[in-house]
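> Under the UniProt record's numbering, the sequence shown has 231 at position 231, and the numbering climbs by one with no breaks.
Simulated from the structure, these hints should not be mistaken for lab results. Be aware that one or more of the hints could be misleading.
[Said to hold, decoys possible] No more than 30 angstroms apart at the CA atoms, straight line, and that leaves these computed lysine-lysine pairs for DSS-like:
#1 Lys-64 with Lys-74
#2 Lys-101 with Lys-167
#3 Lys-177 with Lys-64
#4 Lys-101 with Lys-185
#5 Lys-177 with Lys-221
#6 Lys-139 with Lys-159
#7 Lys-74 with Lys-101
#8 Lys-64 with Lys-139
#9 Lys-221 with Lys-188
#10 Lys-177 with Lys-188
#11 Lys-188 with Lys-139
#12 Lys-167 with Lys-139
#13 Lys-221 with Lys-167
#14 Lys-185 with Lys-167
#15 Lys-221 with Lys-185
#16 Lys-101 with Lys-188
#17 Lys-74 with Lys-159
#18 Lys-159 with Lys-185
#19 Lys-188 with Lys-64
#20 Lys-177 with Lys-167
#21 Lys-159 with Lys-177
#22 Lys-177 with Lys-139
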Amino acid sequence: MAEAGAQTTRSETGSAVDGVVESIRALIGRDGLTVGDSLPTERELCDAFGASRNTVREAMRILKAYGIVEVRPKVGATIIDNRMASAFEMFSFNVLDLSPKTFSDIQGFRALLEVSSVETLFERMTPSDLAELRRINTKLTDMPHVDVASEYDFEFHTKLMSLLDNKAILDVYGLMKPVILRIMKMGKSRRTFETTTYREHEAILAAAEAGDRLGYQYLMKTHLNAGYALFQKTAAPEAGKRDITS
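Please put together the full structure from these sequences, using the hints given.
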C-alpha cells in the first residue's frame, strides 16, 4: 500500500511539472515573449499556476534542458533559443553504440537527400560551387589524421547539401554530425581517405559537371553504400570482444 501511494505521489508530481512546463510555454506564446525577454519570477509563476516552488523549479530545469530558457543568479529566467544545441547533445549521447539499424537509417536518410535531390542540385550548382567542392575534396589528400579527414569528408557533403538552400536540412545534418563522423571513420585509414574517398568524390563531381544525372545518382549511391561493407568488417570484431568480456 505504501509503495502504491509513493508511485501515485510521483505520478502526480510528474503530471504537475508537465502541466507547469506547458503553462509556461503557453505564457511565452500568449504574451509574445521572444529571445532575450525575461519570464516572471519564481514566486509569480507559483502564484499564476498554483504550483509549489519545487514544481516550478523542476519545470524550469526541463525547459533549460530543452534549450528554451536560461536561469542566471540575480537575473532570473531568460528566454533563449538553444533547441538545436540541446538536441545535438542528446543525439550525441544516444549514438555512443552505433547499431546496424542506426547505421542503415542514417545512410538511408542521407541517400534520400544526396541521391534523390539530383534535379535541384543540378539546377543550382554553379562552376564556383564545383570549384569549392573540389577545393574541399583536395584537402583529403593532405591531412594528418583520420579524425581530420572525416571532418573534411563531412564538410564536402554538407557543402553539397547547402546548394539546396534549405536550412532545415543543414540543421538536421548538424544534428546528425556525431554519428555521421563515426560512420565516415569506420574501417578507414588515412590512406583510404587519401585515395578511395577522394576518387569517389571526384567521380561524383565529374558527373555533376557533365550534367550526367544517372551517373551522379549511381556514383553517390555507391559511395554511400560502400560504408556498409566497412561497417560489417568493423562491427564483427567489436561484437566478438563484447561476447568474450560478457
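> Could you tell me which of the hints above the structure violates, numbers in ascending order?
Numbers 7, 8, 17, 19 - these are the hints that the structure violates, sorted from lowest upward.
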